[in-house]
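Enquirer: Here is how the chains run, residue by residue.
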Amino acid sequence: MTFRDGFLSDLIGRPVTIEQNGRRIVVGKIGDFVVGHPEDTFPRIDAIAVKTKSGDKLAPLSSVVDYRDGELLLSESPTVACPPDDETLYLVEDLLDKQIVDVDGRKVVRINDLELAQTAGALRVVAADIGAGGLLRRLTAGKIFSSLVERVPRTLIAWDNVAPLQDLNPSEIKLSVSDNRLARLHPSDLAQIISDLSAADAARIVGALDDETAADAFEHLDSDTTRAIIQDLGSERAADIIEEMDSDDAADLLGELPEEQQAELLAKMDSETADDLRELAQYAEDTAGGLMTTDYVWIYPHRTVGATIAKIREIAPETEFIYYLYVTDQAEKLLGVLSLRTLLLSEPEATIHSVMDSELVSVAADATSDDVASTIARYDLLACPVLDEQGRMLGIVTVDDAIDAILPERLKKQLPRVVGHKHRTRHLETAS
Amino acid sequence: MLRKIWLRALIVVGVLGPGFVTASAGNDVGGIFTYSQAGALYGYSTLWTLIPLTISLIVVQEMAGRMGAVTGKGLAGLIRENFGVRITFFAMAALFFINTAISATEFAGIAAACEIFGLSRYIVVPVSCILVFLFVLRLPNKIVERVFVVLSLVYLSYIVSGVLAHPNWQEVARGTLVPTLSLQTGFIVIVVGLIGTTISPYMQFFLQSAVVEKGSRARDLFAVRADIVVGSILAIVLAGFMIIANAATIFVSNQHLDAKHQITINSAVDVAVALKPLAGQYAAALFGFGILNAGLFTACVLPLATAFIVCEAFGFEAAVDRPFREAPVFYSLFAGALIVGALLVLIPNLPYLPLILFAQVLQGIVLPLELIMMLVIINRKRVMGAYTNTRTVNIISWVTAIVIGVLALIYVVQTILSQFGIGAN
Chain F
2 MTFRDGFLSD LIGRPVTIEQ NGRRIVVGKI GDFVVGHPED TFPRIDAIAV
52 KTKSGDKLAP LSSVVDYRDG ELLLSESPTV ACPPDDETLY LVEDLLDKQI
102 VDVDGRKVVR INDLELAQTA GALRVVAADI GAGGLLRRLT AGKIFSSLVE
152 RVPRTLIAWD NVAPLQDLNP SEIKLSVSDN RLARLHPSDL AQIISDLSAA
202 DAARIVGALD DETAADAFEH LDSDTTRAII QDLGSERAAD IIEEMDSDDA
252 ADLLGELPEE QQAELLAKMD SETADDLREL AQYAEDTAGG LMTTDYVWIY
302 PHRTVGATIA KIREIAPETE FIYYLYVTDQ AEKLLGVLSL RTLLLSEPEA
352 TIHSVMDSEL VSVAADATSD DVASTIARYD LLACPVLDEQ GRMLGIVTVD
402 DAIDAILPER LKKQLPRVVG HKHRTRHLET AS
Chain P
21 MLRKIWLRAL IVVGVLGPGF VTASAGNDVG GIFTYSQAGA LYGYSTLWTL
71 IPLTISLIVV QEMAGRMGAV TGKGLAGLIR ENFGVRITFF AMAALFFINT
121 AISATEFAGI AAACEIFGLS RYIVVPVSCI LVFLFVLRLP NKIVERVFVV
171 LSLVYLSYIV SGVLAHPNWQ EVARGTLVPT LSLQTGFIVI VVGLIGTTIS
221 PYMQFFLQSA VVEKGSRARD LFAVRADIVV GSILAIVLAG FMIIANAATI
271 FVSNQHLDAK HQITINSAVD VAVALKPLAG QYAAALFGFG ILNAGLFTAC
321 VLPLATAFIV CEAFGFEAAV DRPFREAPVF YSLFAGALIV GALLVLIPNL
371 PYLPLILFAQ VLQGIVLPLE LIMMLVIINR KRVMGAYTNT RTVNIISWVT
421 AIVIGVLALI YVVQTILSQF GIGAN
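Those protein sequences? They're chains F and P, same order as listed.
Residue 109 in our numbering sits at position 108 of the first sequence, and the numbers go up by one each step.
Residue 67 in our numbering sits at position 47 of the second sequence, and the numbers go up by one each step.
Derived by calculation from the structure, the hints in this document are not laboratory data.
What you are looking at is a predicted structure, and each value in this text was computed from that prediction instead of being measured.
Ideal placement from N, C-alpha and C gives every residue a C-beta, glycine not left out.
Where hints are given, some of them may not hold.
Label-pair distances were calculated between CB atoms; the ranges are [as the list claims (entries may be wrong)]:
(1) P:249 <-> F:276: 45 to 51 Å
(2) F:40 <-> P:402: 20 to 26 Å
(3) F:85 <-> P:345: 42 to 48 Å
(4) P:154 <-> F:375: 28 to 34 Å
(5) P:286 <-> F:235: 58 to 64 Å
(6) P:102 <-> F:16: 24 to 30 Å
(7) P:102 <-> F:40: 23 to 29 Å
(8) P:154 <-> F:276: 43 to 49 Å
(9) P:413 <-> F:119: 45 to 51 Å
(10) F:122 <-> P:102: 32 to 38 Å
Keeping only pairs whose Cα atoms sit at most 27 Å apart, straight-line, the calculated DSSO-like set for lysine-lysine is [said to hold, decoys possible]:
(11) F:54 <-> P:401
(12) F:99 <-> F:30
(13) F:54 <-> F:30
(14) P:296 <-> P:280
(15) F:99 <-> P:401
(16) P:401 <-> F:52
(17) F:99 <-> F:52
(18) F:334 <-> F:312
(19) F:30 <-> F:52
Same shape as in the complex, but just chain P (with noise of 0.2 Å):
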């Protein structure tokens, strides 16, 4: 059953199952950035944030899990059958278009990575297509499950380079276990921002698709749910190593410089090349090194997640082991997503800074009403039969998707306050 590519890639990287990999897809080119942010100007004082992060989080993709292995099938065709087609088109337009601007952001951070290590964007983007587009043509399946595997092990390196960076562990234990609540504009941006990095929307229907995939019924609903929880705390532990990584290293020592001296993040890769000096080279090229595999892991699923969920919603064919002639709109969707994501990294003067700007604040808004629409699927007996939520866990949810729709809406915010120059940073 295992003949969607992305899956099976998904599916072979997670040692663990679909909701390991699932969350640690969080763990992009853009959650580098997030996380890395987040360490390097408020040191260990966002670390708590994680664990309330992490509830919402499993709570979110436990629903998801739950919907695939009770009722078998994926989100956008739970949507499709329970809303209608136009709420579909525009949920699935949305939803291409994210995928599509954070691949942009995947290739950008694979141009960049590649350029400290001195290779030019203009042959690593296309190489990487090639790749990717090599990877659909069906490489010997044995050899993609291997460089999978390997390719998943690089995310240990997080760890690593936390470690190497020497942190204080005192205050990690501090910085995890007691809430600190600023009130700085830019502390709420970088909670939100984190939010938005950890819960993406393509998450739920990446791992509801793969648990349908698994061919996970109800009755492995413990194994679903174990996968999830395990899978979320470990994905998320990883993020808190990007934290520590960057607050043992750059925020510590911009506490003894003064402002104009300091060392500011702009992107992923600013984070590496910040780090050679003050934690060694070999932590540095390990966070490059991380940074270069997300971003080819994430180009190479995304696009051809996102062709297989809007075909699914719109019952096209959608298989990679058929002609062109016999799934157009498949490989049309799969091959735009991937050349505009790459094109967009590219031309010189496209307006891409503004376009991921524009992804993002639509990702803000589209994850409140996706996890509505999930929540009021779930809640229907006749979809889900004895496997409905019970009060409890509606009450987390509910209050979930409310403060999750609420932060976002402030990023939403914040976001376009900022492009007219209002607000901090």
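Same shape as in the complex, but just chain F (with noise of 0.2 Å):
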């Protein structure tokens, strides 16, 4: 193994010789390069496919003998015939010129080139070329303008930060596009990449993405592209995901899906979820009712504060919005708010309805969006309750769902999550 690093633009075409009766001979060029295993960290070169005359031949890099002065030394002539393509990962055919996610980017971008170097002793793939260099290096094969290429800034992802967009080998070893690369990206970055994809593109990449992560995808995506996943993916894992959701935008992406296919969606869900969902999507999207999400914190009035904060500490990796505890009575009806700061600041003895606030800011449900970001803004609240004609809870609405609701289209997009939110409500209380 005698291969320096360089590029695979540089190798490619290369005269490949062996050694007979002291001289040497062209037995081919070099016309590909084999990996075996596409899923490691950085792929190992395994073989080169070289271009003779009777056909493309494998020759296994330990074979490689020397690589100098453009020339490829073998010590045998190759005489395997090369694997099928859907059998093996080749780099020129099956890599370059294809998209991959520039996962440390956040963007779709193009193999221009690859990067190859000798690192843990073997030849590997380390990184890819989007830049106008390695598109330069190609179009003049290096020879003309050569020093102008090395001029152009190189634009190198380091493999590990690349997510190929296909399965990079669809018969032999699943290399998953997840492969938990893209899952690092926060679910806005990834909205934003899934939505530079064709339709195809951005199915594949969401069927490989665990639930939570899809889900929090979703939230971010507008319902164009959603709908367009839903359909590729199948009802079961769409229900699966939908589910993940936060309970409003849930709703409203189920509000937009025609009847047959919201009905047969909500059935392959658990029917809890369910129910909340429909009562949700009876609501007009842009009122409260629309808005609101029905996780949220909810406890009995003779409680201790004590054991209040042990439940929610038990509870609070599984729910977002923990900032407010709404106290109601048995049948839902709110009686007061406490906010995580005075459960805090308070004695553990005391009971939850002798700290809670009883002086309540609340909506309707037919409140309109303007409505409720104003009342928000005015009493300076993370989360405004939704209360019916009884005064029984029927979910909150939290700041960043008013803000995006009343913010221009355009700006949303832009738009991080302030909180987030993800499951159903939490009953501090246990069944009593």
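Hints given; two lone chains; assemble the complex.
Expert: Dropping the structure here:
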């Protein structure tokens, strides 16, 4: 193994020679490189595909004696025919010119060249060149303007930051597109990437994500895109993902779907979630009912502060909006509100009833989004409860959803979420 | 997913879908000129060519639509993945050049159309340029959509001006159904011109990207195909009415005049002027408005689409909602195509006509090459899976490609020869 570090485009087309009776004879040209385990962080090159007069032949990397002055010297003439493309991964055939996700730069790019390097005792793919330098290098084959090409700043992304859009190896090893590399992204960045993709690629990417990551991404996608993806995923998987979404976003999404599909998806969810969503779906999108989530923390007034804190500590990892606790009676009628701050500053023995704020600020389910937003702004709230005519809790509208609803469309996409919340209503009470 | 404004515009304008819009993109300023000339010089006798032309257009567009729906990729991306960097580079360079030249003809059309109404091109062209920029900087989407819906209705004005010109319907029917072949060089040049303007290289790129962007998949192929078939037929019917309008007026009146007094057409706007005494001021104004509309629409869409397509091929960031520093190549290409197109019309001493001519020649060369690349890709199992061409479609497509190729070559040779004063026209 005597390759030096360099670019794939510099190696392709170079003469392949063997030594015979002390003379070097040319047997072919370098055509491609074969990677056996594309799922590795930095995939190792196992063999070279040599273009010979009698077809493409496979030369294992162990048969390489030397690479010098642009000539490859093998210990023996390759005789084994190259395996068909769907059985193995070829660098030129399968990777060069293809689209990938640059996980670090958070965008979809095309591979203009690949950088190979000797690391950990093997020749490996270490980076993808996605810049103009790589393009120029291939356009000019490094022959002319090579000094110019060297001057163009390189745009390399390390291979561990690359997520291919397609399964690299359809029949042999499934290199999952997610590979957890995409799951590292912030949901809004992931959504941005997904909306850059074609429907086919988008569905493939989402299909490879875990339900929670996919749900997070869905919450940031526009409904056209989500609808297309759902079509491709099938209702079983789509239902799993929608279950993981914020109930308000999930209800909005369902509301955009044709009734048949709605029913099909709801039927595949657990009944509690489905009931919540059905309820939410009745409200118009730009009203408090349409904006609210049923994911809030509620508690009975006779509990102690200490017990409540302990319980919150238990459920907090699963619940995101824990900053307000809503105190209700058995009939879910709202009695008071309690902030996490008040809770922490109160004596552990005090009852919730004694520390809660019973001056209630709330909106009705049919309040407009403007009304909700101005209520939240006027009272400096993080969330505002939505009550029915009998004063019973229907849900809460969080400040970020209220802002979303009144912001102009174009600003919305650029904003990250302030408050996330994902799960169903957390009951501090055990059934009693 | 509709962040690409030009596609959004395309999709919105096409009440029917991208198939119709792309086909009517052929009815731009250059198209109006060619159709008008066909009618003015040869009456109804070129109408029959529209029938095989429709079939070719449908075959070619169907391939692009199918490739988009099956692969979920644009044509530029597929060319890059199947033919590598170099061929893609030359294809994209040619596309950029051709589209910039077409933009220039659109601006020239806008300028000339407005000059009929007494507006100076030095006001109109920069204002149109700014309008186009505003679209990119995102006027509220709803307003953009409504403007384009209104503009798209203007395409119907061709039918109205055709009817207002009181054609002899019997002769229209005869010209459409009975092929007349003339071996006059001028006639051949016109027929080749009709093909060139009806099936332009950029249209396949447009359509395929629009199909992908709409999220159409292999299972939606029936809808995609229906849209393409109906859209192509409709767009060519509109073109037919342009021929009819001119045949019924300019051609008929020229019959009674000696060569000296005959009306000649040298630009699309000449048509509007010539129609006034012959078909009345409403028909003329409608035609002028049609030119303005076609020019504005194509001038909006073309530079933006070009920038998107080139960026798709090379993997550069392309988005109208990102700042310049995040998508410098995209913005430079867009501004380049737009500004160069406008400047070509505004600066008096620039070699505008030779450039346009060169663009047409280039288009004639690129089109058959593009069709061949499409045919190669669409027959690759690993790209198209079960949706490769059937034998029959392959035969029709290859014949189409070869006929178009040969005719385009004739066109190229004609254009070059006429530059040296040889040949007709």
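Enquirer: Next step is simple, just say for each hint if it's right about the structure.
Expert: Consistency of the hints with the structure:
1. P:249 <-> F:276: 45 to 51 Å: For residue 249 of chain P and residue 276 of chain F the Cβ distance comes to about 46 Å; the hint holds.
2. F:40 <-> P:402: 20 to 26 Å: Because 21 Å falls inside the window, the suggested range holds.
3. F:85 <-> P:345: 42 to 48 Å: 44 Å, holds
4. P:154 <-> F:375: 28 to 34 Å: 32 Å, holds
5. P:286 <-> F:235: 58 to 64 Å: 60 Å, holds
6. P:102 <-> F:16: 24 to 30 Å: 26 Å, holds
7. P:102 <-> F:40: 23 to 29 Å: 26 Å, holds
8. P:154 <-> F:276: 43 to 49 Å: The hint (43 to 49 Å, Cβ to Cβ) holds, given that residue 154 of chain P and residue 276 of chain F are roughly 48 Å apart.
9. P:413 <-> F:119: 45 to 51 Å: 50 Å, holds
10. F:122 <-> P:102: 32 to 38 Å: Since residue 122 of chain F and residue 102 of chain P have Cβ atoms about 36 Å apart, the given range 32 to 38 Å holds.
11. F:54 <-> P:401: 25 Å, holds
12. F:99 <-> F:30: 23 Å, holds
13. F:54 <-> F:30: 10 Å, holds
14. P:296 <-> P:280: Since the Cα atoms of residue 296 of chain P and residue 280 of chain P sit roughly 20 Å apart, the hinted pair holds (cutoff 27 Å).
15. F:99 <-> P:401: This hinted pair holds, its Cα atoms lying about 17 Å apart.
16. P:401 <-> F:52: 23 Å, holds
17. F:99 <-> F:52: Holds. Residue 99 of chain F to residue 52 of chain F sits at ~22 Å (cutoff 27 Å).
18. F:334 <-> F:312: 21 Å, holds
19. F:30 <-> F:52: 5 Å, holds
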